[in-house]
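**Q** Here is how the chains run, residue by residue.
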Amino acid sequence: MGLYFLKRVALSILIVMLAVTLLFCMIHMVPGDPARILLGPRATPELIASLSAQMGLDQSLPIQIVKFFGNILRGDLGMDVITNRPVAATVFGQLPYTLWLIFTAIIFAMLIGIPLGCYSALHRNTLIDRITGVISVACITAPSFVVALYSLLIFAVTLHWFPAVGAGDKGDFWDQVSHLVLPAFAIGLSWVGYLSRLVRASMLEVMSENHIRTARAYGLSENTVVYRYALKLAVLPTVTVIGVGMGFLLSAALFTEIVFARPGIGKLIFDSITTRNYPVVMGSVLVSTILFVVSTTLSDLINAWLDPRIRASL
Amino acid sequence: MMDALHRISRDPLGLLGLILVVLIIASALLAGLIAPYDPIKLNIIDRLQGPSVDHLLGTDQLGRDLFSRVLYGGQVALKVAFISIAAALGIGVFLGMLAGFGPKWLDNIIMLFFDTIRSFPTVMFALATVALVGPSLGTVIAVIIVTSIPTYGRVVRTQTLTIKSNEFVMAERAMGVSTTRILRVHILPNVIGPLIILASMDIPTVIALEAGLSFLGMGVKPPTPSWGSILNDGYTLIRNTPWPIIAGSIPLVLITLGFTFLGESLRDLIDPKLRKNV
Amino acid sequence: MSAVLQVKNLRVRFRGLSAVKAKLKGIKDPFIDAVRDVSFSIEEGQTFTLVGESGSGKSTLALAVSGLLPAAEGSINFLGDEVTLMNAEEMQSYRRQISFIWQNPVGSLSPRQSVGALISEPYVVHGMKDKDLKAEARRLLTMVGLPAHFAERYPHQLSGGQARRVGVARALALSPRLIIADEPTAGLDVSVQGEILNLLNRLQDELGVSMFVITHNLNIVRHISDRTAIMYLGRFVEQGPTNSIFAQPRHPYTLALLSANPEPNPDANIERTELKGEVPSLMNRPTGCEFHTRCPFVSTDCNSTFPPVVDAGESHTLTCHYPGKHEQT
Amino acid sequence: MSAEQKIDNVLSIRDLSVHYSTNRGELNALRHVNLDVPKGSIVGVVGESGCGKSTLISSIIRLLAENAIVPNGSINFEGSNLLTISEDEMRAIRGQRMSIVFQDPMSTLNPVISIGRQMIDIQYRDKKTKQQKRQRSIEMLASVGIPDPESRLDQYPHEFSGGMQQRISIAMALQAQPSLLIADEPTTALDATLEVQIIHLLKDLQRDMGCSILFISHHLGVIAELCDYVVVMYAGEVVEQGTARDVFHLPAHPYTEKLLKCDPASIAEKSRSLPTIPGEIPDLTSLPSGCVFKNRCDKAMPKCDSVVPEWRESAQGHFVSCHWAKP
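Protein chains in written order, with the working numbering: chain A, 1 to 314; chain B, 1 to 278; chain C, 1 to 329; chain D, 1 to 327.
Only chain A is shown next, with the shape it has when bound in the complex (with noise of 0.2 Å):
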């Protein structure tokens, strides 16, 4: 089991040093001085000396590179060139918005989801699976700032359910959830649609294996069958599912977040891009890339050590 787990995060390791090497040749592929183009007209004589010296332009291409590593290893993503702190500050500084909003609306997703995909899986081509099945494929495809838009619009605009800007006030706990409600909704749906079909699908096709013929043969109640026997197999595709789909949750999370004017590290990007600055803008799409990365990470070992057949091969 060690092997698998250093192989996997050495591999997480390379990938993500494979991105910040793809983001540096962005900025330097484009024409004309970095510094200049990244910060854009409000470029003053001394900003432009600032950022160069802080990315070593005037270095050859090689070192530039060492130095951008050495500085992301030391945590050091550059300076805010607005507020001239360290970028990381102001990047960690809003990443817990956006994993609040993330976690709530998988954990809506799957206290929904999974369970309408067992049961449409168990009642298979009922008038109820059909509509479920109609409803999930609606919600799966609805984009997800689309929604966040008509939930602002009629919870927040005209019935006044919820508020319709900001978090909440750090302090007063039930405060930060009603701020939460409705962006979490607004992310949650597509998925509450798209795990009920996965764990259906799944279902069906574990329900049909020899194994839950057996357990049937042996008289064991329906119940057992379903969820003990076939659930635990059922399940096993929803985990990987869910540590890929971060990389789509954190792109629903920036609309969200920008549609209902929540702090996050995805209004950090949209904000900072809109003020050209980009040092921001780098870091936090750095951070997301590592989220990512580790949340696949973090799938795979999970999937590893609830199934045995896995955790055997390694």
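If you're looking for bench data, these hints aren't it; they were derived computationally from the structure.
Yeah, the Cβ is synthetic: ideal placement off N, Cα and C, and Gly gets one too.
Among the hints, erroneous ones may be present.
What the hints assert, rightly or not - Quick look at which bits of chain D chain C covers, simulated, 3 or more residues with Cβ under 8 Å:
{"id": "1", "stretch": "216-225"}
{"id": "2", "stretch": "255-265"}
Stated by the list, open to error - Here chain D is said to cover these stretches of chain A; the calculated rule only asks that three of the stretch's residues, wherever they fall, bring their Cβ under 8 Å from a Cβ of chain D:
{"id": "3", "stretch": "204-211"}
{"id": "4", "stretch": "222-234"}
{"id": "5", "stretch": "297-310"}
Use these hints to put chains B, C and D onto chain A, whose structure you have.
**A** The following block gives chains B, C and D in isolation, referenced to the frame of chain A:
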């Protein structure tokens, strides 16, 4: 092909999907003819009107007719979708088969490339690129192509690996059939079927992405109409009138439902094993 | 009679463990020998059968002989040419002279090609486009007893038996000198099994093609083959003319195989040679005679020294310390 | 078995028919099947692909597919008709009074649940403590020849070879000491030398436990060696039934006769052209009139073409459905 259309028409959802798709593509292509107004012409006097006889979906803050803008917006959406998916499909199939059929080291390198691209959340990668290169339709298309290649590449690679494990590939090799012929004659036809379905199911995601970027002002430069920019106007006017949001979202949702229902019934058609599950 | 195929001390190896794992687990040789020190020859126009159970390495041997798997050691001589030293161009002409009938009848036919295209693929591949492919396909279909209109069908529209006949037709396309048939009767009912065996016999009589048949069913061997070899853990434990193998089997494993397929008669008193335990893993081969862990007649030095090759006359050889010990007990 | 037969049967099936409604029409997979399993005996069912063996088994344990219809027939098992009793009563029988061993050992056990857990779960009806159940499982594993069962109980199915997994399935099946064990081609997926060991094991366990076994296989040699009675099935019908000696030595039905001739082991001298049964089984969605074997039978006469032969006792305890047989 005809018998496929015939069988789709028997499945209600598939038929609904087909109708929606044809409707929206037709309305986008014929926008020039059926759009009642010039989508860009300002008309400040009757701005922010609700739906009426002469403005089916009402007007936006500059008095432009929303119905016409929606029609023209369709052109942008479909152009982005078809170009980027065609390109991503082509490159993805090539790299995927290479990875699936080639030696292990090549497989690892290609997979590493896929995983690196995939590790960027799509929208953030798009924003980072737009930040550097400036917003334009070309950038949007380029970004979508790059981020979709891994999706198709990975599916083709897994398919190629499963097909390669079948005995008929070994049988072809034993007859001295060249690798290129095995790929072209024996692997590609078996891979294309499910891939077309994946592409048709992916169109809504790509359209939604274009709309999203335009919504953030990072996609199409105003005043060219795009569903995303209409939604952006709607967002800024959310407290005054809901109509721009409704106008902008209707086509987006319809085309998404259309392609997905169509894709689902196509999948049942082509892959009988999957039909068992539905 | 000259030999069509001459194999000497053939060895085929697989990488069992990745280099990293092997070092970590302290195993010095991460390779597995699927085929080890095998020698045999197939005479012109004759049928050589290879009998072995799962994991014995029989299919690996077939793939190595046809050049699809590299031979780690030993020589494979086909009509004077050394297969292991062939370059790509020589290999292509070798591929024209041998052909395969595969184990999975439907799985070995490319699903997207019609039967006609499948059968004429060898002509297209070896650049014999001048031949009228349609006529060739028809000729081959009738030769294997299928109606000509089958050319338009697709593999998923064929029954197991029909698909197998298409496989045979394809194997005959370039009138090969040697046909390798991997488990030709696997998965067929007893009542249908005879058809495919009669077909192979008839084709051999008509075309004089030599055959190398691989199977786990000893009973069918008696009726189709001239020479037989019994394979266990990648080695030939006994080999000789089929009649003498059936008349007086000497190796305990051959005995066990024979007694495992009794004739269907309730009164038949089967003095059963039952083996103990299961096939050991190729990763750690037993010491001495590799069969000693399952042999019912195991005794001194079976588990320490490797058994000598015993000649039982008429090129009937086996490797056992106590050949025919079952007769004394 | 005729009514006045003194031996009481653990299982007796009378006139059982099962049809499947498919989009190609109604497939009559089983037609008027009569079959008896006397107490404490082993009955072999011989049949090639498409003869309805699996439908027969699914109807006995009443786990038929959704599209199955049972137009007529009864399955009496220990005094109750399995086709009519309630689902709970049927569940009480499955795994307790009657259990089953399937063909493919590699897919019979749940891959993500340990062997021990699965063996304990199926003892849910016994009022014993978990430790006692665990002990019972260990005993059973030892009795089927699994080395060092104590430590292997917590391992997962993929950590056992095919042969071992089949032994575990047998252990699970006999754990509750059922009165009937159904063995659905238990050794077909195994190598011949392994098959011999499993047959030997089944014989010993049957002798010790005295349960009856319904043994399904298409391997005639194994049936001849193991079974007391033999039932021959063809295309959904039982064509012949009797003691093993009668059926193998004096086959009354042309299909049985031909089948025995085709078995390569029974052909004494080497021959270049082996006997076969030409033709294929008829399409069960549009059955031909008369006898179902007529198109492949070289003794067919006009009567076979029109009249379905009835089930008759051609000799003491030897039943057959063929016009040629003496009434």
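**Q** Please go over all the hints and tell whether each is borne out by the structure.
**A** Going through the hints against the structure:
Check on the stretch 216-225 of chain D: 6 of its residues sit with their Cβ under 8 Å from a Cβ of chain C, so the three-residue criterion for coverage holds. Here's how the stretch 255-265 of chain D fares: 7 of its residues keep a CB closer than 8 Å to some CB of chain C, so the rule of at least three is met and the hint holds. Beta-carbon proximity to chain D at under 8 Å applies to 3 residues in the stretch 204-211 of chain A; the threshold of 3 is reached and the given coverage holds. Check on the stretch 222-234 of chain A: 5 of its residues sit with their Cβ under 8 Å from a Cβ of chain D, so the three-residue criterion for coverage holds.
Closer than 8 Å: that is the beta-carbon criterion, and the stretch 297-310 of chain A has 4 residues meeting it against chain D, so the requirement of 3 holds.
Consistency with the previously given hints is maintained throughout, with no hint failing.
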